[in-house]
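Could you build the full structure based on these sequences and the hints that come with them?
Chains as they are written, first to last, in this note's numbering: chain Y, 20 to 262; chain G, 20 to 262.
Worth flagging that the hints you see were computed from the coordinates, not collected in a lab. A hint or two may mislead.
Since the list gives no way to pick one copy over another, a pair counts as held whenever it fits inside one copy or between any two copies.
To be verified - Straight-line alpha carbon distances no greater than 25 Å define the calculated SDA-like cross-link-like pairs of lysine to any residue that follow: (1) 24 with 114; (2) 228 with 140; (3) 228 with 143; (4) 208 with 254.
2 protein chains.
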Amino acid sequence: MKQNKYDDPQFFDKYSQMPRSTGGLKEAGEWPALRAMLPDMRGKRVLDLGCGFGWHCRYAREQGASTVLGLDISEKMLERARALSDDPAISYRCLAMEDIDFAAEEFDVVISSLAFHYIQDLEEVYRQIHHSLVPGGAFILSFEHPIFTARSAQDWHYGAAGERLHWPVDDYQSEGPRVANFLETEVVKYHRTVATHLNLLIGAGFTIKELSEPQPAIELLDKYDGMRDELRRPMFLIISAVK
Amino acid sequence: MKQNKYDDPQFFDKYSQMPRSTGGLKEAGEWPALRAMLPDMRGKRVLDLGCGFGWHCRYAREQGASTVLGLDISEKMLERARALSDDPAISYRCLAMEDIDFAAEEFDVVISSLAFHYIQDLEEVYRQIHHSLVPGGAFILSFEHPIFTARSAQDWHYGAAGERLHWPVDDYQSEGPRVANFLETEVVKYHRTVATHLNLLIGAGFTIKELSEPQPAIELLDKYDGMRDELRRPMFLIISAVK
Numbered sequence: 020m021k022q023n024k025y026d027d028p029q030f031f032d033k034y035s036q037m038p039r040s041t042g043g044l045k046e047a048g049e050w051p052a053l054r055a056m057l058p059d060m061r062g063k064r065v066l067d068l069g070c071g072f073g074w075h076c077r078y079a080r081e082q083g084a085s086t087v088l089g090l091d092i093s094e095k096m097l098e099r100a101r102a103l104s105d106d107p108a109i110s111y112r113c114l115a116m117e118d119i120d121f122a123a124e125e126f127d128v129v130i131s132s133l134a135f136h137y138i139q140d141l142e143e144v145y146r147q148i149h150h151s152l153v154p155g156g157a158f159i160l161s162f163e164h165p166i167f168t169a170r171s172a173q174d175w176h177y178g179a180a181g182e183r184l185h186w187p188v189d190d191y192q193s194e195g196p197r198v199a200n201f202l203e204t205e206v207v208k209y210h211r212t213v214a215t216h217l218n219l220l221i222g223a224g225f226t227i228k229e230l231s232e233p234q235p236a237i238e239l240l241d242k243y244d245g246m247r248d249e250l251r252r253p254m255f256l257i258i259s260a261v262k
Numbered sequence: 020m021k022q023n024k025y026d027d028p029q030f031f032d033k034y035s036q037m038p039r040s041t042g043g044l045k046e047a048g049e050w051p052a053l054r055a056m057l058p059d060m061r062g063k064r065v066l067d068l069g070c071g072f073g074w075h076c077r078y079a080r081e082q083g084a085s086t087v088l089g090l091d092i093s094e095k096m097l098e099r100a101r102a103l104s105d106d107p108a109i110s111y112r113c114l115a116m117e118d119i120d121f122a123a124e125e126f127d128v129v130i131s132s133l134a135f136h137y138i139q140d141l142e143e144v145y146r147q148i149h150h151s152l153v154p155g156g157a158f159i160l161s162f163e164h165p166i167f168t169a170r171s172a173q174d175w176h177y178g179a180a181g182e183r184l185h186w187p188v189d190d191y192q193s194e195g196p197r198v199a200n201f202l203e204t205e206v207v208k209y210h211r212t213v214a215t216h217l218n219l220l221i222g223a224g225f226t227i228k229e230l231s232e233p234q235p236a237i238e239l240l241d242k243y244d245g246m247r248d249e250l251r252r253p254m255f256l257i258i259s260a261v262k
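Written out as structure tokens, the structure reads:
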């Protein structure tokens, strides 16, 4: 059940053309919110789960992290990540998040950006992350918001003239897979309620420190079509937790 | 800005006819979830904020609470609550939640059921509650879900035949008052995002223990019209927090 769409050449090409792929963190609407929730990384051992092109890995090093390990299931994503930096303190490993098995207290900070909605069994992944963190270690994660994942269609409700009337929610309490369309490809995302997301983290031993349902950075509101609609419903949920 | 619709005779009459008013806790769809999140109350000093007819106050005493104080802004609600029990260990006081000012560590457990969405400044109320609880004390609260309060209309999106197509979300990031219609009366509810709700509690010093977006009890699904639609979007959010 481990999904690896990013090694599909067509999907990879389309993903590579997204603003966040060509322009990096500054083109990701949720980045200011995520950045504000990251801990001081000076001298820290950082793990990035679902690192993709490695933008957060390089950022962690810029902020003084001593070592960074980026994991991703996609060789193609990691190939690009490796090409973007020759920093010897950053290493990349091709591994599904479901297969992590680190030693106790191997990391001070664990980051995961927009990857967990692809994971079927988060409980075990969270337990592994908790095990791999030092006491007091930080876990900052983001994923697609339950309001966004509830319906497979993951789209607005439109009026007769094609205008966006509102965001439709349905099947919210029915957790499980949703076959969604992302970049003209069918991808399976796992819908969980807000309560389940928080309870899984708490159950794994984490303390919830802060939540964010990020709004786009003001400078992006008029830069991209439809960005102002992001104020009408949350697309992502970011959580800062501590061991 | 303290709202007291429940002393309005017409509103009070209509509220008095709701299943949860005539039948009590067993007729409240969210009650099984709320009950499961309540702590052991034996020998505990319990405060119920927005106690209404006092159902939770009486339940706390049945579970062995030593004393229960129920607060409500409505004299009419408290009049009925007093008529429903002469238990000397339960006392009722007519006071707006915004005006609480208890001594430090006066309570072991604080409950509030479906009242906080009427409060404009929750931050100060949460601080007061934290102050009034003993260390380790439990705070269990429920309120209307942000998915439910985002739009003032608080209603389904209907098809041509009057069928419920989905639950519309809009204006989610715009926090503040919503003039909603409840029991044919205009009431002001305050919409806050999920993140704000959690961050306010954490900011006041609480640790989040568990969340619930309750589904109706199975035995109620076919008892009331439309109850099965409650599975399509969450109406309430229940939080268990600890000082």
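Against the structure, the hints:
1. 24 with 114: within (14 Å within a copy, 58 Å between copies)
2. 228 with 140: Cα proximity of residue 228 and residue 140: in one copy and across copies (23 Å, 21 Å).
3. 228 with 143: both (21 Å within a copy, 19 Å between copies)
4. 208 with 254: both (14 Å within a copy, 24 Å between copies)
Hint compliance for this structure: every hint is met.
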